[in-house]
Amino acid sequence: MKKMNKTTKSNMVTYLMVIVIFIAVQAMVATGNVSSLLQGLLVPLCAYVILAVSLNLTVGILGELSLGHAGFMCVGAFTSAFFSKCAVEAIPAAGVRYLIALLIGAAAAGICGIVIGIPVLRLKGDYLAIVTLAFGEIIKNIVNILFIGKDSKGFHFSTKDSMSLGLEDGGTVIVNGPQGITGTPKDSTFVIGVVLILVTLFIVLNLMHSRSGRAIMAIRDNRIAAESVGINITKYKLMAFSVSAALAGVAGVIYAHNLATLTAQPKNFGYNMSIMILVFVVLGGIGNMRGSIIAAIILTLLPELLRGLSDYRMLIYAVVLIVMMLFNWSPKAIEWRERYLSRFRRKNNKSTKEAA
Amino acid sequence: MMKMRKALSAMLVAAMTMSLMAGCGSGSSDTGSSSGTSSAKEESSDEAVFKIGGIGPVTGGAAVYGEAVKNGSELAVKEINEAGGINGVQIEMDYQDDEHDAEKAVNAYNSLKDWGMHALLGTVTSAPCVAVGEVSKDDNIFMLTPSGTAVECVQYDNAFRVCFSDPMQGLESAKYIGEKGLAKKVAAIYDSSDVYSTGIYEAFVKEAENQDFEVVAAEAFTAEAKTDFSVQLQKAKDAGAELVFLPFYYTEASLVLKQAAGMDYAPIFFGCDGMDGILAVEGFDVDLANNLMFMSPFTPTSEDEAIQKFVKDYEEAYGSTPNQFAADAYDGIYAIKAAMEEKDITPDMSPSDICDAMKEAMVNITIDGVTAKGLTWEASGEPSKEPMVVKIEDGDYAVVE
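Chains as they are written, first to last, in our numbering: chain F, -1 to 354; chain C, 291 to 691.
What the hints contain is simulated information worked out from the structure, not anything from laboratory work.
Bear in mind that the values here come from a model prediction, so they are computed numbers and not experimental data.
Treat the hints loosely; a few may be bogus.
Over 12 Å on every C-beta distance to chain F, these chain C residues come out as not near it, computed from the model [claimed, not checked]:
#1 K368
#2 L402
#3 P557
#4 E605
#5 A647
Cut-off 35 Å, straight-line C-alpha distance, at most; resulting in silico cross-link-like pairs (DSBU-like, lysine-lysine) [said to hold, decoys possible]:
#6 C:K470 <-> C:K427
#7 F:K151 <-> C:K633
#8 C:K465 <-> F:K184
#9 C:K465 <-> F:K148
Glycine included, every Cβ here is placed at the ideal spot set by N, Cα and C.
Extracted from the complex, chain F is given alone in its bound form:
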């Protein structure tokens, strides 16, 4: 333990935190101490944690603002749900099917990330924010006019309505415009979700501390200096952004395979959702993966746990957001926190010295 350097130790703490929470929750589920509300929330929580961590890669490490993260999630969700619905008979084994769905969702979202990134990431300034904002809305609208059906002759596409697909008898409509995809197999489980969180963390943390990661952070800190030492700016930016998009696609896969119906509405895939994910990142600390995880968990659980307060819960939720923001970022709060924690810290210092 002593030989480990600081970053490895910090990473281990993050992994450990996820595993400890997982074991604690599993233990409580096994002993029947978890309400069904909370059990139903476990899988969405995994999806939101992955979203927060992946967006933190763009916002915190790459230093670009993305306002269309829900759009990548939407791409991942719909492509994977489409696949699963088609393959439900061909591949009866849920595990294999889910694995392929994950790869498809991640790949589709990653490709969208690259397509957007190639022109936009060459520019200086906040263009990425504008383009991703538009991307999210475009994806939502495209999905809402898309009709895809399947019969013995293969796939039929239309952007008008499900009748113009011209399906023969016995053909099924898979993507039904605004009604989305209905009847996706419910393959997401909490265990898979946690494994995917760990995989996401592994990818992001290792990228951060690799040679490429240092290049990415150099671009964030000073673009001109980074360019002057010969770092290929577009390449590294694109790398971070597409990885972030692909991981958001993974979160979309989890989301899509948890509910029986998948519709693209402003509520779940609109810019509101993108801002929500950004809130997770900002409140948890930009560039701080552990903070993102904690913020995503707290902010997803909070409105559900406040259900008892009915209409007041949104008010309280907003107040909590403001309080958290002040506690995390206001200079006075930081000062107070340092003073309050200094005793604890000194003790901690002493004990580590003694141990050494």
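Add chain C to chain F, keeping to what the hints say.
Chain C only, in chain F's frame:
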């Protein structure tokens, strides 16, 4: 810096696990307190209560419908409780918000399950209803949706609905127009981003092939652009449509009527149950709606005694005229009551046993409600009732048939 971060994160982890625990704690204390209240009731009336859950949007864009269902069902529950309850057992209702979101609806469902729900009245809107249907099937909990119109809402045998399905409305509208010979050339305007509107439109066009009229124009709009309909109306006018079919809600329809009047276009306008409420739109000139026809299961101005009483009580309690959502919910609660009485269900049965009994009971009961007389159900979950066509004359609703 690192140390401080570590300390902070330790604190946050602690806070989070606390909140998790608190969640469970409050969950269990919730059930504790509710069982406490029910046991308190037990002492007073020697009996437990029926717990009926409700799910619908009471915040967000679809809140109007959720509120109506909430009010309608509360009114019915109050009446039943005052009249002595179901077989002498009182009803307790808990209505949860789903914000018209499938994910939130499942959360609401789970939280009702923790509360100990015996049967569910919900959910109000279609997409959440399909998602909740999937989980309620696994738990085998009885659900009756007052207004979930999509076909998949009642795909499992534990789910029933009070309203007409989307295809049914489209089909009946086309049949009515064809059989009455209202027009030879028909145009349809629909909201392509809305499940309800698209569902009706598709069934309407499909049935139109069998009827003696032709669909000459089919124009779509989306939720993002629902204030200007002049393009769609102009196309309908150019195609020579004598009747324009408007399968969407009354707020947009009021604009369509206004803009049609502005361009001197006066075909017959024909709507579906979403048209109900158009006369109450603020700033809307009622004269424009003259001769507007729509298919509706419920008209607040009906002479019928039960409807008169319902409308009066509702207006007294909530200060507004009930729409068909409230009426559907009101009938839904009475249907649950009738089914429970049919099988002599008691609150000490498990929700799954109740569901099995209710499934059998639903096909045997007949309700004289506010949305229909002699309302019965098929095992598929669909209600069988006759749609009524309402025509607006002199600023008031009049039933045509």
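Okay, the hints, checked on the actual structure:
Once the 12 Å rule is applied to beta carbons, C:K368 is consistent with being away from chain F; the minimum gap is 18 Å. At the 12 Å boundary, the C-beta of C:L402 falls inside the reach of chain F, the nearest C-beta of that chain being 9 Å off. Non-interface status of C:P557 relative to chain F is upheld: no Cβ of that chain comes within 12 Å, the nearest being about 22 Å off. Consistency note on C:E605: stated as away from chain F, and its beta-carbon is indeed over 12 Å from all of that chain's, at 23 Å minimum.
Residue placement check: C:A647 keeps its beta carbon more than 12 Å from all beta carbons of chain F (closest about 22 Å). The hinted pair formed by C:K470 and C:K427 fails the criterion: a straight-line CA distance of about 42 Å is larger than 35 Å. Taking the CA atoms of F:K151 and C:K633, the gap is near 50 Å; set against the 35 Å cutoff, the hint is violated. The suggested pairing of C:K465 with F:K184 is violated, with an alpha-carbon distance near 39 Å, which exceeds 35 Å.
Under the criterion of a C-alpha separation no larger than 35 Å, the hint pairing C:K465 with F:K148 is consistent with the structure, at around 30 Å.
In terms of the numbered hints stated before, the structure departs from hints 2, 6, 7, 8, listed from lowest to highest.
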